Amino acid sequence: DSGVTQTPKHLITATGQRVTLRCSPRSGDLSVYWYQQSLDQGLQFLIQYYNGEERAKGNILERFSAQQFPDLHSELNLSSLELGDSALYFCASSVGGSGFNEQFFGPGTRLTVL
Amino acid sequence: GENVEQHPSTLSVQEGDSAVIKCTYSDSASNYFPWYKQELGKRPQLIIDIRSNVGEKKDQRIAVTLNKTAKHFSLHITETQPEDSAVYFCAASHGNNRLAFGKGNQVVVIP
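Protein sequences appear in the order of chains A and B.
For the first sequence, this note's numbering assigns the number 114 to the last residue and increments by one with no breaks.
For the second sequence, this note's numbering assigns the number 225 to the last residue and increments by one with no breaks.
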């Protein structure tokens with residue numbers, strides 16, 4: 001157990017809908033990262049927050065947004081869902097905000113869009 | 115941005131043999147190279163990492179080597195065991211920047 005929690009574990013929804021994925025980092029970690037994992041694309045970095053502020057942005061679609069709250073938990077919002085958004089979404093956390101810090105991954109949320 | 119590629123995509127080895135996975139990166143300024151292991155249905159976990167000021171690092175049966183000139187780094191697993199079967203991801207970063215992950219290598223250890 002990495003100490004990073006994600007809810008829900010599974011999510012099944014329909015195209016056009018909106019969902020929210022939640023992540024709680026390890027105690028003491030200030031950075032939260034969101035990744036999308038699909039079979040053909042590996043681990044795709046979406047976005048990073050550090051102590052409440054956006055630190056880095058990756059291949060995140062405009063339909064997706066995220067935020068990190070004062071208690072450091074983070075939410076990833078996915079809207080106008082398409083079939084291709086079906087994937088495993090991981091959250092990871094680290095102590096600092098630099099690329100040198102080990103990232104601890106949560107168990108993931110499996111999103112299925114029908 | 116940084117682009118990381120891994121080869122081969124799938125590797126099958128007999129139990130007890132060695133496995134080698136190679137990654138190449140594009141940004142010569144990258145200076146941190148971790149490897150993550152993801153077992154089926156589980157989360158990725160860091161198994162070893164190396165910084166650009168060293169050429170090799172070992173931890174029991176696993177080792178990582180780095181060739182900065184050629185911009186590639188490799189994961190070596192010796193005396194492979196069935197529990198080594200997993201997907202292995204390499205990554206690279208320029209310290210203050212985010213990690214760029216490769217697409218992963220599936221390693222299958224045949225008993």
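By construction, these hints were calculated from the structure, which means they are not laboratory data.
Every value quoted in this text rests on a predicted model; they were computed, and no experiment measured them.
Be careful, since some hints might not be right.
27 angstroms max Cα-Cα, derived DSS-like pairs, lysine-lysine [as the list claims (entries may be wrong)]:
1) Lys182(B) <-> Lys136(B)
2) Lys9(A) <-> Lys151(B)
3) Lys185(B) <-> Lys57(A)
4) Lys9(A) <-> Lys182(B)
5) Lys182(B) <-> Lys172(B)
6) Lys217(B) <-> Lys9(A)
7) Lys57(A) <-> Lys172(B)
8) Lys136(B) <-> Lys185(B)
9) Lys9(A) <-> Lys136(B)
10) Lys156(B) <-> Lys57(A)
For each hint, the structure was consulted:
Between Lys182(B) and Lys136(B) the alpha-carbon distance is near 13 angstroms, which keeps this suggested pair within the 27 angstroms criterion. Pair hint Lys9(A) plus Lys151(B) holds up; C-alpha atoms about 20 angstroms apart against a cutoff of 27 angstroms. Under the criterion of a C-alpha separation no larger than 27 angstroms, the hint pairing Lys185(B) with Lys57(A) is consistent with the structure, at around 25 angstroms. Distance check on the hinted pair: Lys9(A) and Lys182(B) sit about 40 angstroms apart at the alpha-carbon level, beyond 27 angstroms; violated.
Restraint check: the Cα-Cα separation between Lys182(B) and Lys172(B) comes to about 18 angstroms, which is no more than 27 angstroms; the hinted pair holds. Taking the CA atoms of Lys217(B) and Lys9(A), the gap is near 23 angstroms; set against the 27 angstroms cutoff, the hint holds. With a C-alpha separation of about 33 angstroms, the suggested pairing of Lys57(A) with Lys172(B) is violated against the 27 angstroms cut-off. Of the supplied pair hints, the one linking Lys136(B) and Lys185(B) holds, its CA atoms being roughly 11 angstroms apart against a limit of 27 angstroms.
In summary, the hint linking Lys9(A) to Lys136(B) is not supported, as the alpha carbons are separated by about 33 angstroms, beyond the 27 angstroms threshold. Among the hinted pairs, Lys156(B) with Lys57(A) is consistent with the structure: their alpha-carbon atoms are about 25 angstroms apart, no more than 27 angstroms.
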